[in-house]
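Student: These protein sequence lines map, in sequence, to chains A and B. Counting with the UniProt record's numbering, you get residues 1 to 411 for the letters of the first sequence. Counting with the UniProt record's numbering, you get residues 1 to 411 for the letters of the second sequence.
Please keep in mind that the hints were generated in silico from the structure rather than gathered at the bench.
Pairs involving identical chains hold if they fit within one copy or between any two copies, as the list cannot separate such chains.
The list that follows gives simulated cross-link-like pairs (lysine-lysine, DSSO-like), each with its CA atoms no further than 30 Å apart:
#	residue 1	residue 2
1	277	376
2	168	257
3	246	280
4	280	376
5	280	266
6	149	168
7	149	246
8	38	280
9	73	376
Here's the letter readout for the chains.
Number of protein chains: 2
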Amino acid sequence: MLGALSAASATLGHKAAGWVRTMASHQLLVPPPAALRKPLSIPRRLLLGPGPSNLSPRVLAAGGQQMIGHMHKEMFQIMDEIKQGIQYAFQTRNALTLAISSGHCALEAALSNLLEPQDSFLVGVNGIWGQRAQDIGERIGAHVHPMIKDPGSHFTLQEVEEALAQHKPVLLFLTQGESSSGVLQPLDGYGELCHRYRCLLLVDSVASLGGAPVYMDQQGIDVLYSGSQKVLNAPPGTSLISFSDKARNKIYTRKTKPVSFNLDIKWLANFWGCDDKPRKYHHTLPVIGLYSLRESLALLAEQGLENSWRQHQEATAYLHRRLRLGLQLLKDPALRLPTVTTVVAPAGYDWRDIVNYVMDHFNIEITGGLGPSLGKVLRIGLLGCNATRENVDRVIEALREALQHCPRHKL
Amino acid sequence: MLGALSAASATLGHKAAGWVRTMASHQLLVPPPAALRKPLSIPRRLLLGPGPSNLSPRVLAAGGQQMIGHMHKEMFQIMDEIKQGIQYAFQTRNALTLAISSGHCALEAALSNLLEPQDSFLVGVNGIWGQRAQDIGERIGAHVHPMIKDPGSHFTLQEVEEALAQHKPVLLFLTQGESSSGVLQPLDGYGELCHRYRCLLLVDSVASLGGAPVYMDQQGIDVLYSGSQKVLNAPPGTSLISFSDKARNKIYTRKTKPVSFNLDIKWLANFWGCDDKPRKYHHTLPVIGLYSLRESLALLAEQGLENSWRQHQEATAYLHRRLRLGLQLLKDPALRLPTVTTVVAPAGYDWRDIVNYVMDHFNIEITGGLGPSLGKVLRIGLLGCNATRENVDRVIEALREALQHCPRHKL
Ligand SMILES: Cc1ncc(COP(=O)(O)O)c(C=O)c1O
Ligand SMILES: Cc1ncc(COP(=O)(O)O)c(C=O)c1O
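Chain A on its own, in the form it takes in the complex (with noise of 0.2 Å):
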């Protein structure tokens, strides 16, 4: 074994000349960039936004930390704790339970992994969510039937109920916490209800997960999914996912390969350790996001859930009291949101003037709406560690002020 160099290893110096003569014959052409020669300044922020939140002392903490391999016995281990975690949040047994990246993606995951060209797809439509899912939806070919309603407005069992008597559809999107319009969509009865209609019930939690209460496996809900980057205080780039068995059943046994293979749950579900196969390598995953949302998911559990729903209800209950300096709330308080309140946009104001004077002067980060409610509401998210009286005084502060100090336009 331990022989003479291979012969031709020895010459490498002169016969890399392939590469070599690569670089005679070409000159670099566009210089080092003078913009990255200045050091890298982050500004402190607090985002009080619809997210991404602040992260957490011990999640800052995780994203210092150095590689270890995407295949290391010790990533398994971080892995499958990140799993636990998740089942813990969702409140289910469901062994199809991973992280994938963005929230978008995992609404992208789902649905084509769950829907084939042609199939019956009922959309909830009351926000920007419903419309992506409506958008994803119709790229995979399924037939979208949207049900629409203004922002603000939320789907009851009856108007469901309907719907899956009319279109049949194979799968339903509702989204828990619509943190463009502020509602929070109950979901006790919804799950049952599809079943009865053979159709899988999917829910976006990424606004609502850890500030409104989910029970995924009581409520009957087929795919669930959430973000790192609100209530969670990771770093985006990771979102939750996990899937029933009646799901799993669907992805399993569909006829087509769905059209993206980074996204394919088979691959996924492997390399989650989800199957009973040896895990293979499907893509490198974010190792150190992984580290961050760990202990994220450590930290909710530390708290508990009931506790961290009770921190997000009291925190907004006591914004919601603060805000008598006058801006109206949106929306019917027994669906308004106990993470992202919307409020109306003050009249006579430009909404930009009050969202930059707030950023300005505080360095606070509050927004306007989003998609149909863009022009229409102040956004305030109260999300994690975020969640306190303190920075509700803080953003109630900045808001007078910047009342007072921007422009007021005629009516």
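Chain B with the ligands: place on chain A using the hints.
Tutor: Frame of chain A; chain B with the ligands shown alone:
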């Protein structure tokens, strides 16, 4: 404006009964997982596999920074700097240049934007990356024509020309740094050749960028992508991609929408400020990952491409000289990758024993083969800040010991 509180919000407490009722009628059945009570503990590893590599100190520091919003002007500035960094690293002036998630995502983005169903797609398959391109192309519904060669070989101009003439593809895929077999595919002349046949050239430089010369514009490459987790020493989860005007035109004149919303280049181009429209929210960017990517590109710009190429060439040539302890190098030296070295798995040993020994006794990662090279080779990567003589000495020492102590089987 500063009038009375919207009557509704005063009663939030008891009118929010919707989700309070939900809580009352369900119970937490899944307890907080015990495994998440343990602190996160990341072992120190020297990552000398084919990637991911270790983070350089400045990249590590960037990962520990706090969040800002994905639509803040400072974030747009960072995105612009990343674009300029990619233009430098790729030696291109393409406006349509941006970052995306993993290397596989970049490949899928390229294929799903450039190919329409029924398009003819020519793929160089000399290892796993061509296999992946073939798989993704087939899912999209393209007519895929694989040029299949053994791992360890490359594609000559003549072979490519014959296939271009025969299959009249709209797109050719080649891998510059075939990290599963250790081959460096030459690129001079291929772009010109493709263009003569009205074909676009797509090149994977995930494992070679920064380690071997590439001149996107001068070499007539239409789409080039690379990863963050190799020579750049940044965390996995971001990748780099750029499109020539020819490629851009093909995308902007396609008849069908790409099947993926997440990878739709028109959306991404807008979000990354590559068109002249105001930026629209597409998805929440991996903010922290982009800090790290920005720093890694800044480091490459400071070092200079040619110095980086030289560093990899020298470190790898030194590795090849030190390998005279007897591990046969797989490749024709003129075609050896200056980043990832494949050596024939030593006869008489189980390659897993060697890999495990080096990990368990030295905390160094080297790996076995992947895809078609599985079981046949060991792979040693010298990537970015890991490409030093000291690291070569460490891994050679580890290998020497492993060969002494690992069980030898009768041949
Ligand atoms: C309810 C909801 N769904 C989906 C998303 C999309 O998540 P991402 O931006 O991570 O893709 C968001 C993000 O704001 C959201 O609030
Ligand atoms: C040459 C090459 N292409 C593509 C990839 C895939 O990149 P990722 O794992 O980030 O998806 C790799 C990763 O090892 C690679 O070496």
